[in-house]
Amino acid sequence: AAFTLRNAYRSFPKGTIHILGLNPESSIDSRHVAIFLDDHYFIGSDNGIFSLMFDKKPDMIVELNLTQETDFLTFPTNDIFVKAACHIARGGTLAVIGKEIESYNERTMIRPIVDNNVLKGSVIYIDSYGNVITNITTGLFKEAGYDRKFTIYLKQTGYSISQISGTYNEVPNGEKLALFSSTGYLEIAINQGGASGLMGLDLNDTIRIEFKE
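Residue numbers 1217 to 1429, in my numbering, belong to the letters of the sequence shown in order.
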């Protein structure tokens, strides 16, 4: 969810209100919050997901003070999040529905590791087509590679790739490929196929890139 919204919200008009109904129950460690960032509003549970979505500090964060009107405490999305969204949509301010706080809960994202001639990343997202997205960015790949030849090793599957394609159709149907998608992250795919299922790749699997001397 974090990866999807992180890369999609800018495609929506400014002023859009995004409701995150992921693990929405409130607890001591997970408050309900509303956030204003980049002229967008985000409403959800403060369970660490926002720290995975944003690289910069929001313009404003409030802990929501709205109360539920039903006894269904396990599903606050309708009772609290929608109520907050309606308030914002009517032109209401965040200060009216919550107390301003300085930060949200942090969750550590798995980071790629560069060790000599080896770049190790991991799978962070698999889309509905079975395309595998890693946490290796274009910038990090270029920085570690210095335009050297390389081989991408996919987990312990025995599969490897030694070039970066520009589009899916640069390889024959059914052939594996690697490319940097519009998100800026390294993607492993199969032209007209699902890389995840066909190559046995799953979330958090290791992607290893070895650069040649």
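Hints were generated in silico from the structure; no laboratory data involved.
Bear in mind that the values here come from a model prediction, so they are computed numbers and not experimental data.
Wrong hints could be hidden among the right ones.
Below 25 Å or equal to it, Euclidean Cα-Cα: the simulated SDA-like pairs (lysine to any residue) are [what the hints assert, rightly or not]:
| id | residue 1 | residue 2 |
| --- | --- | --- |
| 1 | Lys1273 | Phe1219 |
| 2 | Lys1272 | Thr1232 |
| 3 | Lys1273 | Met1325 |
| 4 | Lys1392 | Gly1346 |
Taking CB as the label site, the calculated pair distances span [as the list claims (entries may be wrong)]:
| id | residue 1 | residue 2 | range |
| --- | --- | --- | --- |
| 5 | Ile1380 | Ile1235 | 31 to 39 Å |
| 6 | Glu1386 | Asp1255 | 33 to 41 Å |
| 7 | Thr1383 | Met1325 | 24 to 32 Å |
| 8 | Pro1388 | Phe1228 | 33 to 41 Å |
| 9 | Asp1271 | Glu1391 | 31 to 39 Å |
| 10 | Leu1238 | Arg1306 | 20 to 28 Å |
| 11 | Leu1414 | Ile1317 | 39 to 47 Å |
Yeah, the Cβ is synthetic: ideal placement off N, Cα and C, and Gly gets one too.
Results for each hint:
1. With a C-alpha separation of about 17 Å, the suggested pair Lys1273 and Phe1219 falls inside the 25 Å cut-off, and the hint holds.
2. A C-alpha spacing of about 19 Å is found between Lys1272 and Thr1232, which places the hinted pair at or below 25 Å, so the restraint holds.
3. For the given pair, Lys1273 sits about 16 Å from Met1325 by alpha-carbon distance, which is consistent with the 25 Å threshold.
4. A threshold of 25 Å between alpha carbons decides the hint, and for Lys1392 with Gly1346 the separation of about 12 Å falls inside it, so the pair holds.
5. Roughly 37 Å separates the CB atoms of Ile1380 and Ile1235, a value that falls within the hinted 31 to 39 Å.
6. For Glu1386 paired with Asp1255, a C-beta distance near 37 Å keeps the hint of 33 to 41 Å intact.
7. For the pair Thr1383 and Met1325, the beta carbons lie near 28 Å from each other, so the given range of 24 to 32 Å is met.
8. Taken as a hint, the range 33 to 41 Å holds for the pair Pro1388 and Phe1228, whose Cβ atoms sit roughly 37 Å apart.
9. Between Asp1271 and Glu1391 the beta carbons are some 35 Å apart, a value that agrees with the proposed interval 31 to 39 Å.
10. Restraint check, Leu1238 to Arg1306: a C-beta distance of roughly 25 Å satisfies the suggested window 20 to 28 Å.
11. At about 46 Å, the CB distance of Leu1414 to Ile1317 agrees with the hint of 39 to 47 Å.
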